[in-house]
Amino acid sequence: GHGGDVVACKWNPFINKWITAAEDGIIRIWSSTGLSNCEQVLSAHGSIYSLIIDKLNGNLIAAVQNTIKVFDIESYCVVQVNVGHNDVIKDIIHVPSRNQYVSCSWDQTVRVWKAWMKKSPRTLNR
1 GHGGDVVACK WNPFINKWIT AAEDGIIRIW SSTGLSNCEQ VLSAHGSIYS
51 LIIDKLNGNL IAAVQNTIKV FDIESYCVVQ VNVGHNDVIK DIIHVPSRNQ
101 YVSCSWDQTV RVWKAWMKKS PRTLNR
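Quick note on numbering: full-length UniProt numbering labels position 85 of the sequence shown as 85, and the sequence is numbered without any gaps.
Where hints are given, some of them may not hold.
[Unchecked claim] As a list, the in silico DSS-like pairs of lysine-lysine whose alpha-carbon atoms are at most 25 Å apart:
no., residue 1, residue 2
1, 55, 119
2, 90, 10
3, 90, 17
4, 118, 55
[Said to hold, decoys possible] Derived DEER-like restraints, expressed as beta-carbon distance ranges:
no., residue 1, residue 2, range
5, 4, 33, 21 to 29 Å
6, 37, 86, 35 to 43 Å
7, 33, 84, 21 to 29 Å
8, 108, 33, 41 to 49 Å
9, 43, 9, 16 to 24 Å
10, 90, 43, 15 to 23 Å
11, 112, 33, 31 to 39 Å
12, 106, 40, 28 to 36 Å
13, 102, 32, 25 to 33 Å
14, 31, 109, 36 to 44 Å
15, 35, 56, 20 to 28 Å
16, 13, 38, 25 to 33 Å
The hints are simulated quantities; they were obtained by calculation from the structure and are not laboratory data. Heads up, the beta-carbon is just placed ideally off N, CA and C, and yes, glycines get one too.
Turn these sequences into a full structure, and let the hints guide you.
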């Protein structure tokens, strides 16, 4: 399991798997049958305080100390980093109708961020 306090346990319906995140800076992706078979481990490189699932694409949105990191659910790579808070981010929400993430922090601010969207492949016009 985790080496620190677990701060989130979410079901990701896009991949039908459990996702957990902890203050040890690790996100774990578990099998759909339960939390005994960890299939993937992601390092956020800092303590995680909140985790949500993007409602449009299933990506993982993590509050890593004072930064928001978006992990692509297909590649498990960080595809977006949002920096601006001066203290720990305590919560994040996704507002799909506005294409936004909203975060609140111990720095007494609420910030609005543009949500990550996968770019469509370009086609060549001939």
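Consistency of the hints with the structure:
In summary, the hint linking residue 55 to residue 119 is supported, as the alpha carbons are separated by about 17 Å, within the 25 Å threshold. Under the criterion of a C-alpha separation no larger than 25 Å, the hint pairing residue 90 with residue 10 is consistent with the structure, at around 16 Å. Under the criterion of a C-alpha separation no larger than 25 Å, the hint pairing residue 90 with residue 17 is consistent with the structure, at around 24 Å. For the hint pairing residue 118 with residue 55, the CA-to-CA distance comes to about 13 Å; that is within 25 Å, so the pair holds.
With their beta carbons about 25 Å apart, residue 4 and residue 33 fall inside the hinted range of 21 to 29 Å. A hinted range of 35 to 43 Å for the beta carbons of residue 37 and residue 86 is consistent with their spacing of about 39 Å. Between residue 33 and residue 84 the beta carbon distance is about 39 Å. The supplied range of 21 to 29 Å is therefore violated. A beta carbon spacing of about 43 Å between residue 108 and residue 33 agrees with the range 41 to 49 Å that was offered as a hint.
Under the hint 16 to 24 Å, the C-beta atoms of residue 43 and residue 9, about 18 Å apart, fit the expected range. Separated by about 21 Å at the C-beta atoms, residue 90 and residue 43 satisfy the suggested range of 15 to 23 Å. For residue 112 and residue 33, the hinted distance range of 31 to 39 Å is satisfied, since their beta carbons lie about 38 Å from each other. Our hint of 28 to 36 Å for residue 106 and residue 40 holds, since their Cβ atoms are close to 30 Å apart.
The hint said 25 to 33 Å for the Cβ distance between residue 102 and residue 32, and at roughly 29 Å that hint holds. Distance hint check: the CB atoms of residue 31 and residue 109 are about 38 Å apart, consistent with the given range 36 to 44 Å. At about 26 Å, the CB distance of residue 35 to residue 56 agrees with the hint of 20 to 28 Å. For the pair residue 13 and residue 38, the beta carbons lie near 19 Å from each other, so the given range of 25 to 33 Å is not met.
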